[in-house]
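With the sequences and hints as input, model every part of the structure.
Those sequence lines, one after another, are chains A and B. The first sequence: position 383 = 383 (the working numbering), numbered continuously. The second sequence: position 176 = 176 (the working numbering), numbered continuously.
Any given hint might turn out to be false.
[Said to hold, decoys possible] In silico lysine to aspartate or glutamate, EDC-like type, Cα no more than 16 Å apart, as pairs: (1) A:K32 with B:E146; (2) A:K149 with B:D215; (3) B:K187 with B:D212; (4) B:K162 with A:E33; (5) B:K162 with A:D261; (6) A:K149 with B:E216; (7) A:K591 with A:D580; (8) A:K628 with A:D582.
[To be verified] The calculated label-pair distances, taken between Cβ atoms and stated as ranges, are: (9) B:P164 with A:T632: 33 to 43 Å; (10) B:E141 with A:G325: 50 to 60 Å; (11) A:N345 with B:T251: 52 to 62 Å; (12) A:D395 with B:L127: 54 to 64 Å.
For the record, the hints were derived by calculation from the structure and aren't laboratory data. Virtual Cβ for every residue (Gly too), placed ideally from N, Cα, C.
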Amino acid sequence: MLAPADGGPVNLPQLLARNVARHGAKAAYREKEFGIWQSWTWVEAAEQIDALAMGLLTLGAAVGDHIAVSGRNRPALYWAMVAAQRIGCIPVPLYAEAAAEEIAYALDHCGARFAVVGDQEQVDKIADVRDGLTALEHVIYLDGRGLRKYDHAAMTSYADVQKAGRASGLIDVVNARSAARGYDDTCVMLYTSGTTGRPKGVVLSNRNVIETSKNSAEFDHLRPEDEVLAYLPMAWVGDFIFSIGQAMWTGFCVNCPESADTMQLDLREIGPTYFFAPPRVFEQQLTNVMIRMEDAGRFKKWLFHHYMAVGRRVGPLLLDGKNVGLLDRLNYHLAKLLVIGPLKNTLGLSRVRVGYTAGEAIGPEIFDFYRALGINLKQLYGQTEATVFITQQPDGEVRSDTVGVPSPGVELRIAENGEVFYRSPGVFVEYYKNPESTASTKDAEGWVATGDAGFIEEGSGHLRIIDRAKDVGKMADGRLFAPKYVENKLKFYPNILEAVVFGAGRDYCTAFINIDLTAVGNWAERNNIAYSSYQELSQHPRVLDMILGHVTAVNESVAADPMLAGCQVHRFLVLHKELDADDGEMTRTRKVRRRIVEEKFHDLITALYGGAAEVYTETEVTYEDGRKGKITATLALCDAVVAAEHKVAAE
Amino acid sequence: MAQTEPYITADGRQIGGVLMDMRGITLRFGGVEAIKNISFDIREGEIRAIIGPNGAGKSSMLNVISGFYHPQDGEVWFRGEKRKPMKPYQVARLGIARTFQNIALFEGMSVLDNIMTGRLTHMKTGLLAQAVWKGRAEREEVANREIVEKVIDFLEIQAIRKTPVGRLPYGLKKRVELARALAAEPKLLLLDEPMAGMNVEEKEDMSRFILDVNDEFGTTIALIEHDMGVVMDLSDRVVVMDYGRKIGDGTPDEVRNNQEVIDAYLGVAHE
Chain A
1 MLAPADGGPV
11 NLPQLLARNV
21 ARHGAKAAYR
31 EKEFGIWQSW
41 TWVEAAEQID
51 ALAMGLLTLG
61 AAVGDHIAVS
71 GRNRPALYWA
81 MVAAQRIGCI
91 PVPLYAEAAA
101 EEIAYALDHC
111 GARFAVVGDQ
121 EQVDKIADVR
131 DGLTALEHVI
141 YLDGRGLRKY
151 DHAAMTSYAD
161 VQKAGRASGL
171 IDVVNARSAA
181 RGYDDTCVML
191 YTSGTTGRPK
201 GVVLSNRNVI
211 ETSKNSAEFD
221 HLRPEDEVLA
231 YLPMAWVGDF
241 IFSIGQAMWT
251 GFCVNCPESA
261 DTMQLDLREI
271 GPTYFFAPPR
281 VFEQQLTNVM
291 IRMEDAGRFK
301 KWLFHHYMAV
311 GRRVGPLLLD
321 GKNVGLLDRL
331 NYHLAKLLVI
341 GPLKNTLGLS
351 RVRVGYTAGE
361 AIGPEIFDFY
371 RALGINLKQL
381 YGQTEATVFI
391 TQQPDGEVRS
401 DTVGVPSPGV
411 ELRIAENGEV
421 FYRSPGVFVE
431 YYKNPESTAS
441 TKDAEGWVAT
451 GDAGFIEEGS
461 GHLRIIDRAK
471 DVGKMADGRL
481 FAPKYVENKL
491 KFYPNILEAV
501 VFGAGRDYCT
511 AFINIDLTAV
521 GNWAERNNIA
531 YSSYQELSQH
541 PRVLDMILGH
551 VTAVNESVAA
561 DPMLAGCQVH
571 RFLVLHKELD
581 ADDGEMTRTR
591 KVRRRIVEEK
601 FHDLITALYG
611 GAAEVYTETE
621 VTYEDGRKGK
631 ITATLALCDA
641 VVAAEHKVAA
651 E
Chain B
1 MAQTEPYITA
11 DGRQIGGVLM
21 DMRGITLRFG
31 GVEAIKNISF
41 DIREGEIRAI
51 IGPNGAGKSS
61 MLNVISGFYH
71 PQDGEVWFRG
81 EKRKPMKPYQ
91 VARLGIARTF
101 QNIALFEGMS
111 VLDNIMTGRL
121 THMKTGLLAQ
131 AVWKGRAERE
141 EVANREIVEK
151 VIDFLEIQAI
161 RKTPVGRLPY
171 GLKKRVELAR
181 ALAAEPKLLL
191 LDEPMAGMNV
201 EEKEDMSRFI
211 LDVNDEFGTT
221 IALIEHDMGV
231 VMDLSDRVVV
241 MDYGRKIGDG
251 TPDEVRNNQE
261 VIDAYLGVAH
271 E
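Next up, the structure:
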C-alpha cells in the first residue's frame with residue numbers, strides 16, 4: 001500500500017495545505033511574547049513555513065538532508081520542521097538542554113548540514129563542537145541577542161533566511177519537492193534518550209505519524225477547537241505527535257509559553273482543553289497546592305480538606321458516568337463552587353477535556369487528586385519506536401494501576417518471560433545507521449520488543465506493566481526482584497523525588513533516596529530546621545527519620561504482595577546530590593540510568609551491604625556550563641524496619 | 001590614556017568620544033571634603049568603574065553625576081556642554097538613569113508598574129488625561145508598555161511581571177531596579193554596587209546583563225563595585241578613589257599595578 005486507502009494526505013505538507021483550505025483563518029499557533037499572545041492562522045503559518053523552506057533552498061538544502069532543530073518550544077521551530085519536510089529534508093529535533101557532546105553526537109550521526117536553533121545558548125553549544133562536524137554547513141538562529149559580534153560566515157538569522165527565501169521565488173521547487181514525498185518516506189528522525197548506551201535515531205515515516213495521529217485523535221475525539229500548550233521537549237516523540245502530528249491532523253491550536261519559568265502562568269491563561277504532562281509535572285503541581293494550603297488559615301484549610309474529600313468520593317464516579325445519589329451530586333456541586341472550580345482555574349486545568357500522563361508510573365494519590373477535581377486524566381503507555389501509542393485508557397475505564405487497552409490498530413503479545421511485544425501502523429522504520437539494533441528490536445513480522453515486563457489483566461483486558469524486563473531479576477534466594485515496583489511506591493511520597501533500589505543477586509534490598517527539595521525544604525522551614533544546602537538538609541537526622549517512616553510504610557505494603565515480598569528495603573541512604581541528566585545519571589526525559597548509578601556510586605552500595613553506620617564519599621558533578629567539580633559528603637546509612645511477610649497458606 | 005579618538009575594543013565594541021567630563025570636582029559637606037578636586041571622563045560606549053575603599057567618596061561622585069549633589073567647585077560637562085546645576089529629574093531627562101546601593105523600588109507595586117515608572121520622563125500627557133485614559137494617553141501608555149516589555153524580555157523576568165516587588169528575593173529586586181533604569185532608555189547608566197550582597201551565580205547573571213546592555217544598546221555605563229574580580233572583568237577603564245582623592249585612572253591592568261592603589265587596598269598608614 002503506497003497511500004492511505006481513502007486517498008488522504010500522504011505527508012505533513014499536504015496536511016498543512018488541507019488545513020489552510022479548511023481552517024485557514026483559524027489560529028494555528030500562538031506564542032506569548034512581550035507579554036501578549038501573538039497568534040498565527042493556518043494561512044499565516046503556511047506562509048512562514050514556505051518562506052523558510054525557500055530560504056533553505058537558497059542555502060542549498062538538498063532532498064534527503066537532515067536538518068537539526070533545537071531550542072525551547074516556539075512556533076518558528078515547529079515551522080522549521082515542516083519547512084524541512086516541504087523541501088524533502090528530514091527534521092531532527094534535539095533536546096535543547098542536552099550537553100554539547102550529546103548534541104555533537106546526534107549532529108555527527110545524522111550528518112546534519114543545517115541546524116535551526118533558538119538562541120545564543122544553542123549557537124554556543126554547536127560552536128563548541130563545530131570543529132568535529134564536517135557535514136554542518138550553516139546555523140540558522142531565531143533570537144539574535146548576544147550574537148551580533150559572532151562570525152556570520154556560516155550563520156544567518158531565521159528572519160534573514162526567510163527574507164532571502166521570499167525574494168528567491170522558488171515556491172515551485174518547494175511544491176514539487178513536497179509533492180514527491182510519499183507515504184513511506186521519512187517524516188522525522190528522533191533520538192531516543194536511551195537508559196543504556198548511545199542514543200539511537202528512530203526513523204518514523206509519514207505513514208507512522210499520520211496514521212497514529214489519525215487513530216489517536218479519533219480515539220479521544222479531538223477537535224479543531226482544541227487548545228494545547230507545547231512545553232515539553234521538542235525532541236521527545238510525544239511533543240512531535242501532539243504539537244505537530246495531531247495538531248495538523250485535527251487542526252487544533254498549539255500554544256507556546258513565553259519562557260520555561262512562565263509555563264504555569266501561561267497554562268492558566270490558555271486553559272488548554274487537551275493536556276499532556278509527565279507524572280512529575282502533576283506531582284509538582286500537587287506539592288505546590290499542598291504547601292500553599294499549609295499556609296492558609298484554619299477555615300480555608302477545613303474547607304479545602306472537607307470538599308476535597310467529597311471530590312475524592314464522588315468526582316471519579318461522575319467522570320466514569322456511574323450512578324451517584326442526589327445528595328452526593330448536590331455536595332459535589334457545592335464542592336465545585338467553593339473549592340474545586342477555583343482550584344482548577346488556578347492550576348490552569350479548568351477546560352481540560354482530555355488529559356494524559358505517561359512516561360512513568362503515577363502515584364495513586366496524585367492520580368485520584370486530579371480525578372477528584374473532575375479532570376479526565378488518563379494514562380497511556382508508549383515509546384518512540386511505536387510513534388508513542390501502544391496502550392491507552394478509554395474514557396470511563398481509568399485506573400491508576402493499569403496503562404489501558406491497546407490503542408486503535410495496535411496488537412499486543414506477551415512473551416514467555418513476560419516481555420510485552422506490539423505491532424502497529426506506528427512501528428518505526430529503522431534505527432538510523434544501526435541495522436543490528438533494528439534487527440534485535442523489530443522482527444521480520446513487525447513485532448517490536450518493548451523491553452518492559454507486564455501482563456494483561458483478566459477481565460478488563462488492560463495492560464499492567466511491572467518493570468523493565470532486564471531490571472527484573474532474582475535475589476540470592478531466588479525470589480523475584482522488581483526494583484521499579486518498590487521505587488514507584490517510594491516516589492509516591494512527595495518528600496521523595498527519586499529512589500533507586502538494589503538487590504539483584506543479593507540477600508536483601510537496599511535503596512538510594514533523593515529528597516524533594518521543595519517539599520522537604522518547606523517542611524524544614526515549618527519545623528524550624530535550619531539548613532544551608534541540599535546536602536546538609538539531606539543528612540539532617542529529622543529528615544532521615546521522616547524518610548525512615550516512608551520506607552517502613554512502603555515495606556509494609558510490599559510485604560503484603562506475596563510475589564514481591566522479598567523486595568523490602570532493609571537499608572537505605574539519602575543521597576547528597578540530586579540525580580541529574582548533566583551527570584549522566586538520568587536520561588533527558590528524567591529516567592534513572594540504573595547501570596550508571598550503580599557504577600558511579602559503587603562505593604555507596606558496598607557500604608550499604610557492609611555494617612558501617614556512615615560512609616565518606618567523593619562525587620564528580622558537572623555544572624550547567626559543562627565545568628566539572630567535586631563534592632564530598634559523609635552519608636548516614638540507615639536501617640529500615642522490615643515488616644513480617646504474609647505467608648501464603650497452602651502453597 | 002591620552003587617546004581621545006574613537007577606537008574599537010579587543011572584543012569589537014565601538015568606543016566613541018567623551019560623553020561626560022568631570023573637571024576639578026570638589027564636594028564638601030560642612031567641613032568634610034568628600035571629593036577633592038577630581039577630574040575624569042566617561043567615553044561613549046564604555047564601561048567605566050569607580051572603585052575605592054569604604055568612605056572613599058564613590059557614591060558621592062555618582063550623586064554628583066546624577067545631579068543629586070551640587071559640587072562647590074568644578075564643572076560637569078555632558079555631551080560637550082557645561083551642565084548647569086540641575087534637579088535630578090532634569091538630569092534624568094538628559095538621558096542619565098541610575099540604580100541605588102540600597103534598592104529603591106516601590107515594594108507594594110508589581111514589577112511591571114515599577115518598571116513603567118522608569119518611563120515617566122518620556123510621558124507627556126497630563127494627570128487628567130491619564131486619569132481618563134482615552135486617546136493620546138492610552139496610545140502613549142501602549143507605546144511605553146512596549147518598550148517596558150522589551151526590557152522585561154531582555155532581562156528575562158517575564159515570570160515575575162505581575163508579582164509585587166515586596167515578595168521578590170534580593171537578587172531579583174536588583175534586576176528589577178536595573179530594568180527600571182533601562183526602561184528610561186538612558187544614554188548613560190549609573191549603577192551603584194549592582195552586585196552587592198549577591199551570590200556567585202547571581203553575580204554572573206548580573207555581569208552578563210551589564211555586558212549585554214552595553215553591547216546591544218550601546219549604553220555607556222558607570223558603575224561602582226567592590227568585587228574586584230567583577231570590576232576587572234567588566235570595565236574598560238577604572239577610576240580609583242581613596243579619601244576623596246583620585247589615586248588611579250586607567251585600564252584594569254594599569255590600575256592593578258599602580259602602587260598607590262595597592263597601598264590603598266592593602267592598607268598603609270595615612271599621615
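Here is what the structure says about each hint:
1. A:K32 with B:E146: Holds: A:K32 and B:E146 sit about 14 Å apart, inside 16 Å.
2. A:K149 with B:D215: 9 Å, holds
3. B:K187 with B:D212: Holds - the C-alpha atoms of B:D212 and B:K187 are around 15 Å apart, at most 16 Å.
4. B:K162 with A:E33: 15 Å, holds
5. B:K162 with A:D261: Judged against 16 Å, a Cα distance of about 13 Å means the pair holds.
6. A:K149 with B:E216: With a Cα-Cα distance of about 10 Å, the restraint between A:K149 and B:E216 holds, given a limit of 16 Å.
7. A:K591 with A:D580: 10 Å, holds
8. A:K628 with A:D582: Roughly 10 Å separates the two Cα atoms, so the pair holds.
9. B:P164 with A:T632: 33 to 43 Å: 41 Å, holds
10. B:E141 with A:G325: 50 to 60 Å: 55 Å, holds
11. A:N345 with B:T251: 52 to 62 Å: Holds, at about 58 Å.
12. A:D395 with B:L127: 54 to 64 Å: Check passed, 58 Å falls within 54 to 64 Å.
Checked against the numbered hints given earlier, this structure breaks none of them.
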